[in-house]
Amino acid sequence: MREKIIIGLAIFAGGLLAWNMNTIFTALPDELNQGAIYRIIYFHVPANILGMLGFGLGMLLSIGYLVTKDLRYDALAASVTEVSLVFASIGLATGSIWARIIWGVWWAWDVRLTSWLVCWLIFGGYLMLRRAIDEPIQRARFAAVVSVLGSVNAYISYMSIKWWNTQHPQPVLTIRDGGGMAPGMEAPIYWNLLALACFSAILVMVRMRQESFAREIDTLRRMAHAQ
Amino acid sequence: MFLRLFLRDAWTIAAKDLHSELRTKDAWNASIAFSVVILLLFSFSFDPSSDQVREFSGGLLWMTYAFAGALVLNRSFAREVQNDCLDALIASPVSSAALFIGKALANFAMLFAVELVSLPVFVLFYNLAWGAAQVGPMLLVLALGTWALTVIGTLFSALTVNLRLRELMLPTLVYPMMIPALIAAMTLTTDLLAGQPLGIGIRFLVAFDIIFTVLAVVFVDTVLVG
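Protein sequences appear in the order of chains A and B. Taking the working numbering, the leading residue of the first sequence gets 1, the next gets one more, and so forth. Taking the working numbering, the leading residue of the second sequence gets 1001, the next gets one more, and so forth.
It is worth saying that the hints were derived from the structure and are not from the lab. Backbone N, C-alpha and C define an ideal beta-carbon position, used for all residues, glycine too. Treat each hint with caution, since some may be false.
Claimed, not checked - Just so you have them, the derived chain A footprint on chain B, three or more residues with Cβ under 8 Å: (1) 1135-1147; (2) 1175-1184.
What the hints assert, rightly or not - The following residues of chain A were derived to be distant from chain B, with all beta-carbon distances above 12 Å: (3) ILE5; (4) LEU9; (5) PHE12; (6) GLY56; (7) ILE122; (8) ASP134; (9) ARG141; (10) VAL146; (11) ILE156; (12) ALA197; (13) ILE202; (14) VAL204.
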């Protein structure tokens, strides 16, 4: 059943992405001030939204683990955080490419960029911590604590463009009091968000399967050692 | 009543830590020596006599504190591993939160003392202007920034105490977590040393301290007991 869902989602997301790419690259005109490079927003914004939402979801799942002590929550939190870290990396990389063209530098040390990089490091540390602990229950407990503390920084990063005057652009999406984009240019961002969200769901499902296999192998090994 | 018991327990733990530290002075000596060494090392990476130093002096100072502080904070729970003292502490009637607050208070006192010693050295070495009007606000920034470092450092000291990669994991986790507080403390210190009043960063620092103290007190039981 899970196989079928994964394949179905992949076909849907692939089709949606292909159709949307066609809109982005052929139907939409270049932006007045930025030229062709503005198109990177169609990947930069969805990837970062997924990264940020994923870190938040990881926090909720971690709290879910701490409340219920059910290791499935922990496995799901780990999978979601890992996939979110990939999307955060894509967000950082695409932002850096855009900055090189528009600002003339690969990196600017403003609050938004720095706080997001800090988040990336914290959740990278989260994954490293998971690898450093062999005992599953201890690993779940410690990882959950780091996830909750790290999410405070994710929230700081989310709010940073409101709290400080940043070089990073202010919100452009109408769902976040922006509305700076021309009509027709904003919709493809949401379509890409949907397509990438489907891809991230697929990655989480694959990762969850690996986690359950890993747990099964771990149990078998413990049983073998016990005998 | 509950609060009084809690504070009494926390104070007992803090006094115990401070007593044992005062007897050996291990972390204290190492931390002061290390902070002077870092200040010396910094002087080679730029011209220490230039006026520009004032523009990033806050950054230098807090980097020194963050690194020297790690020596104090690392040992906070690690020293309890010998003779199974940590298990005894957890089994004692002291609550995990009181244990944490006690340890944090002891660490705060030690770190603050180290800072008070290295601050004049720093001002002297880098030839910074120093007015009487800045002492009060400077102490406030030091206290708030140090509490942020202490709370995060102490919680992660508890978290990594039994890990096989403790020495590697602690700095990897602790420094990124401290960065927002460090940035605020650095900016405020630089402003003060340039003769400007305290900026809006102080509110951020207070909020950071409150949020992370609450989170640490809530989660320390999960970390220590499970």
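Each hint tested on the structure:
no. : hint      : result
1   : 1135-1147 : violated (count 0)
2   : 1175-1184 : holds (count 5)
3   : ILE5      : 34 Å, holds
4   : LEU9      : 33 Å, holds
5   : PHE12     : 37 Å, holds
6   : GLY56     : 15 Å, holds
7   : ILE122    : 5 Å, violated
8   : ASP134    : 8 Å, violated
9   : ARG141    : 6 Å, violated
10  : VAL146    : 7 Å, violated
11  : ILE156    : 6 Å, violated
12  : ALA197    : 27 Å, holds
13  : ILE202    : 29 Å, holds
14  : VAL204    : 24 Å, holds
Hint check: violations occur at hints 1, 7, 8, 9, 10 and 11; the rest are consistent with the structure.
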